[in-house]
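Asks: Chain by chain, the residues:
2 protein chains.
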Amino acid sequence: MYLAGQVARTAAIYCVTEIVVFLDSAPNNASTRAQNFLHTVLQYAETPQYLRKHLYPRTPMLRLAGLLNPLALPSHLARSDYCRYRDGVYTRGRHVDVGLDRLAEVDKPAPSGTRVTVDLSPSGDEIYHKAPGKYLFGKVVPFNSPDKYWGYRVRTAKSLSDVFRDAPVQYDLVVGTSERGTPLGSNGLPGLPSHKHALIVFGGVNGLEFAANNDEALKELEDVGDLFDFYVNTCTEQGSRTIRTEEALLISLAALQPYLRAAANAT
Amino acid sequence: MYLAGQVARTAAIYCVTEIVVFLDSAPNNASTRAQNFLHTVLQYAETPQYLRKHLYPRTPMLRLAGLLNPLALPSHLARSDYCRYRDGVYTRGRHVDVGLDRLAEVDKPAPSGTRVTVDLSPSGDEIYHKAPGKYLFGKVVPFNSPDKYWGYRVRTAKSLSDVFRDAPVQYDLVVGTSERGTPLGSNGLPGLPSHKHALIVFGGVNGLEFAANNDEALKELEDVGDLFDFYVNTCTEQGSRTIRTEEALLISLAALQPYLRAAANAT
Numbered sequence: 001m002y003l004a005g006q007v008a009r010t011a012a013i014y015c016v017t018e019i020v021v022f023l024d025s026a027p028n029n030a031s032t033r034a035q036n037f038l039h040t041v042l043q044y045a046e047t048p049q050y051l052r053k054h055l056y057p058r059t060p061m062l063r064l065a066g067l068l069n070p071l072a073l074p075s076h077l078a079r080s081d082y083c084r085y086r087d088g089v090y091t092r093g094r095h096v097d098v099g100l101d102r103l104a105e106v107d108k109p110a111p112s113g114t115r116v117t118v119d120l121s122p123s124g125d126e127i128y129h130k131a132p133g134k135y136l137f138g139k140v141v142p143f144n145s146p147d148k149y150w151g152y153r154v155r156t157a158k159s160l161s162d163v164f165r166d167a168p169v170q171y172d173l174v175v176g177t178s179e180r181g182t183p184l185g186s187n188g189l190p191g192l193p194s195h196k197h198a199l200i201v202f203g204g205v206n207g208l209e210f211a212a213n214n215d216e217a218l219k220e221l222e223d224v225g226d227l228f229d230f231y232v233n234t235c236t237e238q239g240s241r242t243i244r245t246e247e248a249l250l251i252s253l254a255a256l257q258p259y260l261r262a263a264a265n266a267t
Numbered sequence: 001m002y003l004a005g006q007v008a009r010t011a012a013i014y015c016v017t018e019i020v021v022f023l024d025s026a027p028n029n030a031s032t033r034a035q036n037f038l039h040t041v042l043q044y045a046e047t048p049q050y051l052r053k054h055l056y057p058r059t060p061m062l063r064l065a066g067l068l069n070p071l072a073l074p075s076h077l078a079r080s081d082y083c084r085y086r087d088g089v090y091t092r093g094r095h096v097d098v099g100l101d102r103l104a105e106v107d108k109p110a111p112s113g114t115r116v117t118v119d120l121s122p123s124g125d126e127i128y129h130k131a132p133g134k135y136l137f138g139k140v141v142p143f144n145s146p147d148k149y150w151g152y153r154v155r156t157a158k159s160l161s162d163v164f165r166d167a168p169v170q171y172d173l174v175v176g177t178s179e180r181g182t183p184l185g186s187n188g189l190p191g192l193p194s195h196k197h198a199l200i201v202f203g204g205v206n207g208l209e210f211a212a213n214n215d216e217a218l219k220e221l222e223d224v225g226d227l228f229d230f231y232v233n234t235c236t237e238q239g240s241r242t243i244r245t246e247e248a249l250l251i252s253l254a255a256l257q258p259y260l261r262a263a264a265n266a267t
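Here the protein sequences come in this chain order: X and U. Sequential numbering of the first sequence, starting at 1, is according to the numbering used here. Sequential numbering of the second sequence, starting at 1, is according to the numbering used here.
Treat the hints as calculated values from the structure; they're not laboratory data. Hints may be right or wrong, so weigh each one.
[Claimed, not checked] A few chain U residues facing chain X, derived, Cβ under 7 Å:
(1) Tyr-149
(2) Ser-240
(3) Leu-250
(4) Tyr-259
Keep in mind it's a predicted model, so treat the numbers as computed, not measured. Note that the Cβ used here is the ideal one computed from N, Cα and C, for glycine as well.
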């Protein structure tokens, strides 16, 4: 629960839009259950508080979820907050609970329980708290279409290669992180191309080599580093014998972010 | 406890040798107690497991210390590990418990209960596990004299200015971190001088401005940024409305480390 919470916090801080939880060896009961747990907790943490009662009826898996540090995402709005966009859940027909006193009536229907992002002020100049009527008016928009970072989606993959095979977008920059990678010094990532969809890959306790070795589709691969545009070590000369996964995530994104952002802005 | 544990982990990962816990407003019962708690837990976490029974008789304050993630410092040695240096505690006269089957007899006496770092193989070529005799022979050396990172010391300060006034060394590089600092981009810290004793300063929940405003000795200071050689923001454009203190520490050290290391190596 703690690990999952820290992964979620790191994703939120660094405006991550997709988290992929992959298995690094042949699936078994325990690993599939752990993957499922991580998937559920990450998605739960990303869900605005007011939608959790709809989407997550009490389950033993989320019994300790109250201990999670809040993500405080832009989509996590209180009743009195104003934001042109709000996440909601369909209650019936075209009615969506967006965490306000009134339901929103949106432009397209969907099965109740469906989560959706709603633009409540298509003209952009209306404060909906003051709008008249029994319902608010809203327009369904794609997730992450708001003009600022909105949150992340989570998917699972059965192996390292499935991370790429099932991708919803084409990753145009892939960075692998490993103790065996090239130390990331003060020169950053030389020759880093401009990109739109960067993917950063972390191994489990046994590292990325282990994941590649257990992957049928990567049998021909001689060096796991060949999978990546950059293969870097972000925690060199550490004073502790161990780096925990949640620490490696935060460290790596903190170390890589200035370079990634500079290259992304160069487009 | 959790915050303290993460501060300790961050210090260990980044080879920090001194942690200063300062108060950011006039001391009161609650703040002094909190400071004392943080001091104790940080020092406890840094102590090799085999010395804890000597140095920390059971106290309510450390009741939850079992939950701390281990620091796995070089000084945290198991009985069977070999390292030329070992931390120990004087038991009587010149006898020191260094976590082995036999006590070490060292070159100078000290009151029992005193913690010390011992060089057990001054010639450097003797594996003490095989040494004959009722006692091992050892030589007391200064803390952090081993040829690798060894651990940190903790001290407290009553105000921000006391951090500098009571310093055991002259800090020759001081970096302040704040939301109001200059964003740390991919250009790093331009003009960073070579240095031996870098100090990185973090504010509490109210920031460093608050600490400076509450500091009698800093009354004349117009801008808290003037206290520092660099005043930087290491977490720009974050996707979460909040950054927790323990996250800010890890992020800042991860972001600053490549530059600090490059400049330190330039000496």
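Asks: If a hint holds in the structure, say so; if it doesn't, say that too.
Replies: Comparing the hints with the structure gives:
1. Tyr-149: 4 Å, holds
2. Ser-240: 4 Å, holds
3. Leu-250: 5 Å, holds
4. Tyr-259: 5 Å, holds
In terms of the numbered hints stated before, the structure departs from none.
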